[in-house]
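Asker: The listed protein sequences derive, respectively, from chains A and B.
The numbers in my numbering rise by one with no breaks, and the one at position 29 of the first sequence is 29.
The numbers in my numbering rise by one with no breaks, and the one at position 43 of the second sequence is 43.
Since the hints were derived computationally from the structure, they do not count as laboratory data.
Please read all numbers here as calculations on a predicted model, not as lab measurements.
The reader is advised that the hints may include incorrect statements.
Per the computed footprint, the stretches of chain B lying under chain A, defined by three or more beta-carbons under 8 Å from a beta-carbon of chain A, are [claimed, not checked]:
#1 33–44
#2 48–59
#3 102–115
Just so it is clear, CB atoms sit at the ideal spot from N, CA and C, and this is done for glycine as well.
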Amino acid sequence: MRSLYYLMMAVLILIFSVSPAIAESNSDVSVTTSIMREVEVENEQGKKEIRLENVESAVPGEEIVFIVTYLNKGKLPAENIVLTNPVPREMIYVGGSAGGETTVIIFSVDGGDTYDMPEKLFVVDENGERVQAKPEDYTHIRWRLTESLEPEGEGVVRFKAMLK
Amino acid sequence: MKRILILMIVVVAVVLLAATGWAAGTDAGTLIQNTATVTYDVGAATNLSATASTGFIVAEVLIVNVAPSVLLSTVAVIDPLPASDQRLYFSVQNTGNGSEAYALTVSNILVDFAPDNPRIVIDTVNIGSYDGTGVGGDTAYSGPYTIPEDGVIWVWVINDILDTPLADLDTGQSQLVATHTYAAAGTAPGTVVPGQGDDLGDGPGELVLGPGGGTFSDTATYIITKTSVQVSKSIASIADTVSVPGDQPLPGAVVSYLLTVQVLGSGDADNVVVRDPIPLNTTYDPASLFVNGSAEDDDFNPPGVDNSGYDGGNDWIEITLGTLNAAAGAQTVRFSVTID
Numbered sequence: 001m002r003s004l005y006y007l008m009m010a011v012l013i014l015i016f017s018v019s020p021a022i023a024e025s026n027s028d029v030s031v032t033t034s035i036m037r038e039v040e041v042e043n044e045q046g047k048k049e050i051r052l053e054n055v056e057s058a059v060p061g062e063e064i065v066f067i068v069t070y071l072n073k074g075k076l077p078a079e080n081i082v083l084t085n086p087v088p089r090e091m092i093y094v095g096g097s098a099g100g101e102t103t104v105i106i107f108s109v110d111g112g113d114t115y116d117m118p119e120k121l122f123v124v125d126e127n128g129e130r131v132q133a134k135p136e137d138y139t140h141i142r143w144r145l146t147e148s149l150e151p152e153g154e155g156v157v158r159f160k161a162m163l164k
Numbered sequence: 001m002k003r004i005l006i007l008m009i010v011v012v013a014v015v016l017l018a019a020t021g022w023a024a025g026t027d028a029g030t031l032i033q034n035t036a037t038v039t040y041d042v043g044a045a046t047n048l049s050a051t052a053s054t055g056f057i058v059a060e061v062l063i064v065n066v067a068p069s070v071l072l073s074t075v076a077v078i079d080p081l082p083a084s085d086q087r088l089y090f091s092v093q094n095t096g097n098g099s100e101a102y103a104l105t106v107s108n109i110l111v112d113f114a115p116d117n118p119r120i121v122i123d124t125v126n127i128g129s130y131d132g133t134g135v136g137g138d139t140a141y142s143g144p145y146t147i148p149e150d151g152v153i154w155v156w157v158i159n160d161i162l163d164t165p166l167a168d169l170d171t172g173q174s175q176l177v178a179t180h181t182y183a184a185a186g187t188a189p190g191t192v193v194p195g196q197g198d199d200l201g202d203g204p205g206e207l208v209l210g211p212g213g214g215t216f217s218d219t220a221t222y223i224i225t226k227t228s229v230q231v232s233k234s235i236a237s238i239a240d241t242v243s244v245p246g247d248q249p250l251p252g253a254v255v256s257y258l259l260t261v262q263v264l265g266s267g268d269a270d271n272v273v274v275r276d277p278i279p280l281n282t283t284y285d286p287a288s289l290f291v292n293g294s295a296e297d298d299d300f301n302p303p304g305v306d307n308s309g310y311d312g313g314n315d316w317i318e319i320t321l322g323t324l325n326a327a328a329g330a331q332t333v334r335f336s337v338t339i340d
């Protein structure tokens, strides 16, 4: 039974991580996600630089970079594009790490029911008091594109989270 | 190869961070899945959407925290030697994120002396109470011990201190070592072992050796405590009833004695009681007893509370000083007798 479990896990890993996952629908706009880590390497000039590497496994405490790429494969501009990414339950969002050009980034602290700017997010602390939400309280991240996406247009958003 | 080196560097940094910042963390072997959704409008079509997911596996980190108990990290060995079955107490906590088996060994360290004949006893019941090896929950260690993630075992390390010439405050140390199966000599911290990343090495992910490369240890200390009690007695004064030439007092003369009690060494002397028989042919002077300059009544009332006074049945003075150490300084007892 245990071996069957691991076989299923292995299949899931193959599905999810051997290549970036691509949406299977016939949508005009496709989305792919990648899981990376930042590593410091020496380049050919001997200078240190940060590079991204694919992640297949990670240890608790490690920061992971999530990259979401979107592409308009259709023949018409796509409007009102909104990207939503829940922070995996076993991870903690790294404050200030969400980015994406021509986007407005908002967050949810209630499981994705509502979204707002960080300064307008509040939670109830262990003493029952309403306090400003911290990055570790964020459950979802949302990027609203401020411009339409022309055919063949693409973009990237990203965030970091730490494995609990 | 370069990629592996980079991964190891990253992992070492994270593992060292994790060693201080996290307890068990997410279970080894857990699949972490990330899902992104895009919604958009195209022309008259609204609320179109697409979703994509990808994931990774949580690797297992080997981290064990070996630590002597706060109360038993330094144990006083009371002279005289030899002293057998001297116990130290350790905790061994699995702060990694998978259940693993660890071998326990003891390495005795010569400082002023080396403890001898090390034994390991696992304390499973009545934690913190030693019942005797093989008694109650105290079980002699017999091989690698499986510790679940976040689990802790309590360990007695027992040594004998041999009869060798040692001074007060001399020390010897005992090191408890917990070693994982993969901690072969020279295995570096951060080493990644593929395909071993779950409980007892049967998972699909990676196993990462923690700081120490899978070998973890800490040390506790035995300290020799030599304690002695020194008592001196002198005649403080003699008051004759009449003034006559000569050195020898006459009957009726009052002789005042001074006793001094002093503890030497680093330890405590417990239950210190001074008894001094009244010399023959003299009689204790009632109400003449003073302890550390304060008058002490002659009786022993209430019993069990007033433990100092003059015992007429035995014709001695008895002073209970209790626990004393060198820092308490000299204790003085004065009393007087009259020559019959």
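Asker: So which of the earlier hints does this model not fit?
Answerer: 3
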